[in-house]
Amino acid sequence: MAVPVRTKSRRRQQLEEAALYPLDWVEERSGLVGALKYFLFRKVPGDISWGHTLGSATLTAFLVQAITGAILAMYYKPHPDTAYESIQYITNDVTLGWLVRGMHRWGASVFIILMFFHMARVFLYGAYKYPRELNWIIGALLLILGMFEGFTGYLLPWDQTAYWATVVGVNLQGTGPFLGPFLVNVLNGGAEIGVDTLSRFYSIHMLLLPGAIFALIGLHLWLVIRLGVTSQPWSPEAAGSGEPEEPRPAREGLVRPARSGGSE
Amino acid sequence: MVEPHGPEQQPHAPPPSLWPVGFAVGVAVLLTGIVVGWPVAALGAAIAIVFGFLWVRDLTGPAAAAGREPPPPVGARPATEAGHALPLADEGEIERFPRARFLEGATLGLSGLIGGLITLPVAGFAIVPTFVGQKHEDVDIGELDTFPEGEWQVVTFMEDPAEGEVSRRTAYVRNNGELEGQPSLTVLSNRCAHLGCPVQPSGLLDEDASETVETSNTVVTRIPATPAAFTCPCHGGAYDLEGNRTAGPPVRGLDRYEYEIRDGRVFLVGAYSVGSVQGEGKEALIKRYDLMNPGLHVDGPSAIMYPIGPRR
Ligand code: HEM
Ligand code: FES
Numbered sequence: 001m002a003v004p005v006r007t008k009s010r011r012r013q014q015l016e017e018a019a020l021y022p023l024d025w026v027e028e029r030s031g032l033v034g035a036l037k038y039f040l041f042r043k044v045p046g047d048i049s050w051g052h053t054l055g056s057a058t059l060t061a062f063l064v065q066a067i068t069g070a071i072l073a074m075y076y077k078p079h080p081d082t083a084y085e086s087i088q089y090i091t092n093d094v095t096l097g098w099l100v101r102g103m104h105r106w107g108a109s110v111f112i113i114l115m116f117f118h119m120a121r122v123f124l125y126g127a128y129k130y131p132r133e134l135n136w137i138i139g140a141l142l143l144i145l146g147m148f149e150g151f152t153g154y155l156l157p158w159d160q161t162a163y164w165a166t167v168v169g170v171n172l173q174g175t176g177p178f179l180g181p182f183l184v185n186v187l188n189g190g191a192e193i194g195v196d197t198l199s200r201f202y203s204i205h206m207l208l209l210p211g212a213i214f215a216l217i218g219l220h221l222w223l224v225i226r227l228g229v230t231s232q233p234w235s236p237e238a239a240g241s242g243e244p245e246e247p248r249p250a251r252e253g254l255v256r257p258a259r260s261g262g263s264e
Numbered sequence: 001m002v003e004p005h006g007p008e009q010q011p012h013a014p015p016p017s018l019w020p021v022g023f024a025v026g027v028a029v030l031l032t033g034i035v036v037g038w039p040v041a042a043l044g045a046a047i048a049i050v051f052g053f054l055w056v057r058d059l060t061g062p063a064a065a066a067g068r069e070p071p072p073p074v075g076a077r078p079a080t081e082a083g084h085a086l087p088l089a090d091e092g093e094i095e096r097f098p099r100a101r102f103l104e105g106a107t108l109g110l111s112g113l114i115g116g117l118i119t120l121p122v123a124g125f126a127i128v129p130t131f132v133g134q135k136h137e138d139v140d141i142g143e144l145d146t147f148p149e150g151e152w153q154v155v156t157f158m159e160d161p162a163e164g165e166v167s168r169r170t171a172y173v174r175n176n177g178e179l180e181g182q183p184s185l186t187v188l189s190n191r192c193a194h195l196g197c198p199v200q201p202s203g204l205l206d207e208d209a210s211e212t213v214e215t216s217n218t219v220v221t222r223i224p225a226t227p228a229a230f231t232c233p234c235h236g237g238a239y240d241l242e243g244n245r246t247a248g249p250p251v252r253g254l255d256r257y258e259y260e261i262r263d264g265r266v267f268l269v270g271a272y273s274v275g276s277v278q279g280e281g282k283e284a285l286i287k288r289y290d291l292m293n294p295g296l297h298v299d300g301p302s303a304i305m306y307p308i309g310p311r312r
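Those protein sequence lines, which keep their order, are chains P and U. Note that my numbering has the first sequence beginning at 1, numbered continuously upward. Note that my numbering has the second sequence beginning at 1, numbered continuously upward.
Hints listed in this document are in silico derivations from the structure and should not be mistaken for laboratory results. There's no promise every hint is true.
Not the full set, but computed from the structure, chain P residues with beta-carbon under 7 angstroms of chain U [to be verified]:
#, residue
1, H79
2, P80
3, T82
4, A127
5, W164
6, A165
7, N171
8, P177
9, L179
10, V184
11, I225
12, V229
13, P233
14, P236
Counterexamples of contact, computed for chain P against chain U with all Cβ distances above 12 angstroms [stated by the list, open to error]:
#, residue
15, D81
16, G180
17, R200
C-beta atoms are modelled at their ideal positions from N, C-alpha and C, and glycine is treated no differently.
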């Protein structure tokens, strides 16, 4: 090509090399830089929409919860005698505590609402169909775990609302046929809410569930990358909508199979 | 590698259809109808049936059959054809010796065994303690003489003083006088039979006459009251003075505490669940069951869903 090439000065080249050296070092040993680049710059349908950003928005909301939660845990004391006071302390005395607690509390609702919006997008676009059924199933598990996060987190402020809402919630789950009565004991850590319940909920809320959610998000994203995202149902390229137009070059590769069958 | 595209390719599934959405709306209206009233439910059922029929017709009709024709080989290809994430080992590539196979099995088996050995006690630690040792001490709530005949008292106590505030419970106690020479008490638990909220006495509480006394094993607060009924703040469950459900979502009557009189003192020695009560006061005939969690039916057809439960 006859594009005039501006050669870089030697000095500049040296600087760039020095700056890139750590990245190259990591890349040579792990391939992770290439993987990240592939993830960020992978090909998607040309007529992708804002609706497709809801999954990433949910992910962002989850990360905000993980980070603010980890910081709240530095001040929160999960014991019946101290939990309520430590929450008051976080809200009223710790510098910016009100902000971090507020982010975590409101962020919880945002996370759940975004999950539903994302799910609605996937449902209305028919994006759960072959071959993405498995990702819908993983998503459904994420939804359940996410709601369970909300349920276990709600007890932690240990005020009257928290206590009685949890009594009602646990007993509600206890009405499940056959196994319900046993579930109550497992959730409460005993026949009724007692001294062990709070720390039990805390452990589930901050260790068990987030770990499981992180793992499932990893699987979820792996499938998104492997299968590509769908275009909208009204896209002229969508399956079943009649004569497709000439495929755009942008779809060559991941989303539309390249002739060779790989994803180059 | 997944969506079939391009002129030579066939769609994998029937074209997108709106019928399932209509069907879902119908089901939603039907469920709303269960709460709101049967005309709405009937409307929902009708919508669901019509759209369900259209949907099924779409899926089974000739258009769908055409869509299900196996696509030409170059068309929709299975997702795996684009290559596995990791290259699969070629069967012939690895020469396997009996010893290799043995080591393979031993490695997997040992890993499984170690995993199991770790998981079992950990899972047991998380679950078993929640079922054992759930009984607590009998609770002394004071002298029988201090419960005047025919009057209600709101009695608050700690079921297990070592556990502290979380074990605070409330009972509504009425002395019914003597029956065949034995003292008779009505001791209702305030745990709502719907989902466990604290049921309140509907009537005046004589807070001024409230007293807090230390008994032989706990601290008891007692407030004289003149309730006309008991009601629940959470979802409007209501009970009469014998604990029979009169309104709202509870599935049975209020639980009762079992009591014993020892040296003139009243001890609460356990609790039991109640289907319903006939008669009142000392003449009451109580349909009595093992203590069950709130929300569980003790009688009627729904009770078959809860044949067994943790014992207390
Ligand atoms: C922790 C919660 C979740 C996170 C972080 C998450 C994240 C994502 C992301 C980033 C994508 C990429 C495409 C897009 O953004 O639309 C995606 C796609 C997808 N998600 Fe989720 N998701 C979550 C929950 C769910 C739920 C509850 C469902 C449904 C039950 C679901 C089903 C799907 C499906 C089927 C796709 C593929 C869509 C396509 O290929 O167009 N996800 N998810
Ligand atoms: S808990 Fe009492 S009515 Fe629901």
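We went through each hint and held it up to the structure:
no. : hint : verdict
1   : H79  : violated (10 angstroms)
2   : P80  : holds (5 angstroms)
3   : T82  : violated (12 angstroms)
4   : A127 : violated (11 angstroms)
5   : W164 : holds (6 angstroms)
6   : A165 : violated (9 angstroms)
7   : N171 : holds (4 angstroms)
8   : P177 : holds (4 angstroms)
9   : L179 : violated (10 angstroms)
10  : V184 : holds (5 angstroms)
11  : I225 : violated (11 angstroms)
12  : V229 : violated (10 angstroms)
13  : P233 : holds (5 angstroms)
14  : P236 : violated (11 angstroms)
15  : D81  : violated (7 angstroms)
16  : G180 : violated (7 angstroms)
17  : R200 : violated (9 angstroms)
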